[in-house]
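Work the whole structure out from these sequences, hints included.
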Amino acid sequence: MSIWESFKIALNALRTNLMRAILTTLGIVIGVASVIILVSVGNGATHEVDKQINSLGTSMLVIFAGSSRVMGRSAGANTDIPLSEGDLVAVRDKVAGVSAIAGQLSDSAAVVNGSANWITQVSGIHAEYNQVRDWPVESGRELNAADIRSAGRVALIGQTVAKELFAGDSPLGAAVRIKNVPFEIVGVLSRKGQSSMGRDQDDTVLIPMTTARNRVVGKSGVQNDQVGNLYAKIDSSSDIAQAQEEIESVLRQRRRSGANAEDSFSVRNLAEMMRARTEVLSTLSYLLAATSAISLIVGGIGIMNIMLVSVTERTREIGLRMAVGGRRRDILTQFLVEAVTLCLLGGLIGSALGVVIAAAIAYAADWPVSVSPDVLIMSMTAAAATGIIFGYFPARRAALLNPIDALRSE
Amino acid sequence: MTRSLSQEANTGATAPLLRAVNLTKTYAMGEETVRALDGVSLTITSGEYVAIMGPSGSGKSTMMNLIGALDVPTSGELFIDNRNIATLDSDELADLRNRQIGFVFQQFNLLARTSALQQVMLPLSYAAVPPADAEKVARARLEQLGLGDRLQHHPRQLSGGQQQRVAIARALANNPKILLADEPTGALDSKTSVEIMRLFTDLNRQGITVILVTHEAEIAAWARRRIVFRDGRVIEDAVQSPVWDAGAAVAGALP
Chain G
1 MSIWESFKIA LNALRTNLMR AILTTLGIVI GVASVIILVS VGNGATHEVD
51 KQINSLGTSM LVIFAGSSRV MGRSAGANTD IPLSEGDLVA VRDKVAGVSA
101 IAGQLSDSAA VVNGSANWIT QVSGIHAEYN QVRDWPVESG RELNAADIRS
151 AGRVALIGQT VAKELFAGDS PLGAAVRIKN VPFEIVGVLS RKGQSSMGRD
201 QDDTVLIPMT TARNRVVGKS GVQNDQVGNL YAKIDSSSDI AQAQEEIESV
251 LRQRRRSGAN AEDSFSVRNL AEMMRARTEV LSTLSYLLAA TSAISLIVGG
301 IGIMNIMLVS VTERTREIGL RMAVGGRRRD ILTQFLVEAV TLCLLGGLIG
351 SALGVVIAAA IAYAADWPVS VSPDVLIMSM TAAAATGIIF GYFPARRAAL
401 LNPIDALRSE
Chain Z
411 MTRSLSQEAN TGATAPLLRA VNLTKTYAMG EETVRALDGV SLTITSGEYV
461 AIMGPSGSGK STMMNLIGAL DVPTSGELFI DNRNIATLDS DELADLRNRQ
511 IGFVFQQFNL LARTSALQQV MLPLSYAAVP PADAEKVARA RLEQLGLGDR
561 LQHHPRQLSG GQQQRVAIAR ALANNPKILL ADEPTGALDS KTSVEIMRLF
611 TDLNRQGITV ILVTHEAEIA AWARRRIVFR DGRVIEDAVQ SPVWDAGAAV
661 AGALP
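Those sequence lines, one after another, are chains G and Z. Numbering-wise (this note's numbering), the first sequence opens with residue 1 and increments by one. Numbering-wise (this note's numbering), the second sequence opens with residue 411 and increments by one.
FYI, nobody ran anything at the bench for these hints, they're computed from the structure. Source: prediction; values computed, not measured. From the three backbone atoms N, C-alpha and C, an ideal C-beta is built for every residue, glycine too. Any given hint might turn out to be false.
Sample of chain Z residues lacking proximity to chain G, with all beta carbon distances greater than 12 Å (derived) [said to hold, decoys possible]:
{"id": "1", "residue": "427"}
{"id": "2", "residue": "432"}
{"id": "3", "residue": "440"}
{"id": "4", "residue": "453"}
{"id": "5", "residue": "484"}
{"id": "6", "residue": "487"}
{"id": "7", "residue": "491"}
{"id": "8", "residue": "500"}
{"id": "9", "residue": "504"}
{"id": "10", "residue": "509"}
{"id": "11", "residue": "535"}
{"id": "12", "residue": "602"}
{"id": "13", "residue": "649"}
{"id": "14", "residue": "655"}
Lysine to any residue pairs mimicking SDA-like chemistry, simulated, CA-CA at most 20 Å apart [what the hints assert, rightly or not]:
{"id": "15", "chain 1": "G", "residue 1": "8", "chain 2": "Z", "residue 2": "613"}
{"id": "16", "chain 1": "G", "residue 1": "8", "chain 2": "Z", "residue 2": "564"}
{"id": "17", "chain 1": "G", "residue 1": "8", "chain 2": "Z", "residue 2": "521"}
{"id": "18", "chain 1": "Z", "residue 1": "546", "chain 2": "G", "residue 2": "26"}
{"id": "19", "chain 1": "G", "residue 1": "8", "chain 2": "Z", "residue 2": "537"}
{"id": "20", "chain 1": "G", "residue 1": "8", "chain 2": "Z", "residue 2": "587"}
{"id": "21", "chain 1": "Z", "residue 1": "587", "chain 2": "Z", "residue 2": "613"}
{"id": "22", "chain 1": "G", "residue 1": "8", "chain 2": "Z", "residue 2": "539"}
{"id": "23", "chain 1": "Z", "residue 1": "546", "chain 2": "G", "residue 2": "245"}
{"id": "24", "chain 1": "G", "residue 1": "8", "chain 2": "Z", "residue 2": "538"}
{"id": "25", "chain 1": "G", "residue 1": "8", "chain 2": "Z", "residue 2": "524"}
{"id": "26", "chain 1": "G", "residue 1": "8", "chain 2": "Z", "residue 2": "565"}
{"id": "27", "chain 1": "G", "residue 1": "8", "chain 2": "Z", "residue 2": "546"}
Here are a few chain G residues that sit away from chain Z, every Cβ distance over 10 Å (derived from the structure) [claimed, not checked]:
{"id": "28", "residue": "116"}
{"id": "29", "residue": "167"}
{"id": "30", "residue": "238"}
{"id": "31", "residue": "241"}
{"id": "32", "residue": "256"}
Below is the structure:
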């Protein structure tokens, strides 16, 4: 008897007890559906993070100023030195791999356009900022070295600010007031999206570093050459880790830190850190998927249970099949095929359910979801394997029945 | 063929289809050992029409299980079509049942929610006959038994007599040498019983060996040879004149 014939017999047997078949396979349905949902949501999140890594700017190092703290205490005197223009020049000139470098000195401020008012992040930058961040303007021009030198009152605005203050009108050439200082908008930045922290990067205004220092970033104790954080773009041909070490060594020399002293700055490879976080995230999502695979085991036990019931109910049929020439392996195959069919049925329903729910999550939560065919194939295979593993014992019991006893059973 | 028992009716030219030599079968029933068969020797040749009789516990059912290759003897030899079933493994026994023996049961033993055609195709598919050919053969068998218009009917949609005829068509599917019927009319009314017995008689005339296992004398009366069991032994083995051959008066009395 061919597998195909066994399959038809199995379908017939399942149809006669349709309700029972569906209830039995519910464990498989839930298992497969949750595996698909979790993996798809996890994959989607990973893609999203990849997108954010790309939005950071590839091969970029960020240098943060500030005292490093140990157990909440400042780790020593003179560790609170901000980064300065001198630091910028030193890094640019002494570290071989740095192809562009820019500071970003930020503060929060209200930006006013006529009666419209929007509180956003205002950052002073250097001319190479757009290049370092891989963040070109969509319209208008970037800030240039002349703007920086002359402390020009010019600004670039992000997409969110443009939307909030100009609501569809072209902002180019318009004048806005930031802390009562008038600025001319010379460019609108292209869309950047969310940062890894979930902050809207398009909610920003960029102005020349010099202007920011003099007029906008009004922190007490702002030194006249401080530059906030430094963003350094590393040549694609250079080793980013080596560049990181060189930057650290240059800054240590400038600050005359002792070999064992705590640094008063930190150099970070944000993309690297984010990638590490993504790995944790995707590991977590696979771990969750594995947990939900446990429900496949529970479902498998349900299958085994119902197959044992089925073997008992159909003992006479098994006897008859043996009497007319069914061999033990024919009986074994028949019941195995039936168990596998049951599980595949559950797998199909579960896959459909999983895809629908994943799509619903994507729609409702605006959360990226991607269902890959790999996951579907994987979960169907797992369902079939469940059928074979948990169907084997009942099928074997059927195959080993004594034909006489089986025929005589009621 | 050194020993040839009870071959009165046949010439030596016919080879024995079934030969039992000193067969015993014992069962363990708790502490006790039950001797269901106690040294049975008999020979059935091809084309015979045999009734095996005896009260319950006489050993006739055990004998039927052995003849049907459903079981193997504790000792002694049983040759079916020249093969000693004691030496066969489970697959070979299944194959023997599939090709040489057609079973007919008291309760028909048809599969629920399965069409007559599918029922008859079952032994063919176990014989690895391709489905298209199997369907052709099954259709022919059912038509031969007057069920040509019932091919797609399920057991529930058929009368008892029709169900038993489907079962007989199934038994004949692989063209077996032996038709082994266990109380084939036990679940039928007397009129239908006669129809079924006529069918067996016709089939025997066409050459198939028919073995009826029954405790009813009326049914046994249809056979040409009667073997009676008691306490695990053959106590009577005689050729008889069957009812349908007993003269015009009796024949005329039959419907």
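Margin query: Output the indices of the hints that this structure fails to meet, ascending.
Written below: 8, 9, 10, 11, 15, 18, 20, 23
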